[in-house]
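Work the whole structure out from these sequences, hints included.
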Amino acid sequence: GAVVSQHPSRVICKSGTSVKIECRSLDFQATTMFWYRQFPKQSLMLMATSNEGSKATYEQGVEKDKFLINHASLTLSTLTVTSAHPEDSSFYICSATGTSGRETQYFGPGTRLLVL
Amino acid sequence: TQLLEQSPQFLSIQEGENLTVYCNSSSVFSSLQWYRQEPGEGPVLLVTVVTGGEVKKLKRLTFQFGDARKDSSLHITAAQPGDTGLYLCAGERGGGGNKLTFGTGTQLKVEL
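If you read the protein sequences in the order shown, they are chains D and L.
Sequential numbering of the first sequence, starting at 2, is according to the numbering used here.
Sequential numbering of the second sequence, starting at 30, is according to the numbering used here.
Check the hints yourself; a few may be wrong.
[To be verified] The calculated DSBU-like cross-link candidates involving lysine-lysine, where the alpha carbons are at most 35 angstroms apart (straight line), are:
hint	chain 1	residue 1	chain 2	residue 2
1	D	65	L	86
2	L	85	D	67
3	L	86	D	42
4	L	88	D	56
5	D	56	D	42
6	L	128	D	15
7	L	85	D	65
8	D	21	D	56
9	L	88	L	128
10	D	15	D	42
11	D	67	D	42
12	L	86	D	56
13	D	42	L	99
14	L	88	D	42
15	L	138	D	56
16	L	138	D	42
Simulated from the structure, these hints should not be mistaken for laboratory data.
Printed below as a string of structure tokens:
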């Protein structure tokens, strides 16, 4: 099946710094990528939908200026957590779909962010 | 707003037992997916159901989509320790965009 990677797998940063998380589709072109956040023992919550070459669409309650998303190519989307705070500590997961528009979402392995 | 409620939230059983996980909503979904997620990893797709009343089997797992496409169930026969994990249902509302709404999750632990 299709492979989606994330980098880094885990990151620890100081409060107030920014952290960039990369999501790559390794063997297919991803028109759309999705970013989710998952707190311990909870489900996945969609943060934003990212389409290549256009601005991301954010879900209600997600601050677009805090969670910057860039989808500059068909194989790469990045999520930057700006001025991170301890409450931003979470498991961030991306997924990607192919170019047909009605395809399965393929999920990345997730990135564990810990803000001290 | 969590549109998909799963029950039970937690389940701890012995190896060999059977179990059923439910995924309920007041909304209609064009398709519904079931995932299993292990700690520190992304969710892995188990099955997609698209037709009301559809039943799909995957070895010891049986998935059913409700007639009205508002609910689904996952039944595991003769559970094994390897079935341990977080089970998530996720619905797609249709209208394009592939957006998924995830259920509240069911944490399953199968002990020897």
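Each hint, compared with the structure:
1. Simply put, residue 65/D and residue 86/L have alpha-carbon atoms about 41 angstroms apart, too far for the 35 angstroms limit, and the pair is violated.
2. Of the pairs offered as hints, the one joining residue 85/L and residue 67/D is violated, with about 42 angstroms between alpha carbons and a cut-off of 35 angstroms exceeded.
3. For the given pair, residue 86/L sits about 27 angstroms from residue 42/D by alpha-carbon distance, which is consistent with the 35 angstroms threshold.
4. A C-alpha spacing of about 42 angstroms is found between residue 88/L and residue 56/D, which places the hinted pair above 35 angstroms, so the restraint is violated.
5. With a CA separation close to 31 angstroms, the supplied pair residue 56/D and residue 42/D stays within the 35 angstroms bound.
6. Between residue 128/L and residue 15/D the CA atoms are separated by roughly 33 angstroms; this keeps the pair inside 35 angstroms, and the hint holds.
7. In summary, the hint linking residue 85/L to residue 65/D is not supported, as the alpha carbons are separated by about 40 angstroms, beyond the 35 angstroms threshold.
8. Note on residue 21/D and residue 56/D: the hinted pairing holds, with a Cα-Cα distance of about 17 angstroms set against a maximum of 35 angstroms.
9. The straight-line distance between the Cα atoms of residue 88/L and residue 128/L is roughly 28 angstroms, inside the 35 angstroms bound, and the hint therefore holds.
10. For the suggested pair residue 15/D and residue 42/D, the alpha carbons sit about 24 angstroms apart, so the restraint of at most 35 angstroms is met.
11. Proposed proximity of residue 67/D and residue 42/D is supported: the alpha carbons are some 24 angstroms apart, at most 35 angstroms.
12. Proximity of residue 86/L to residue 56/D is assessed by CA-CA distance (about 40 angstroms); at most 35 angstroms being required, the pair is judged violated.
13. Distance check on the hinted pair: residue 42/D and residue 99/L sit about 24 angstroms apart at the alpha-carbon level, within 35 angstroms; holds.
14. Distance hint between residue 88/L and residue 42/D is fulfilled; the C-alpha atoms sit about 27 angstroms from each other, no more than 35 angstroms.
15. Restraint check for residue 138/L and residue 56/D: the C-alpha separation of about 41 angstroms exceeds 35 angstroms, so the hint is violated.
16. A hinted pair counts as satisfied when its Cα atoms are at most 35 angstroms apart, and residue 138/L with residue 42/D qualifies at roughly 13 angstroms.
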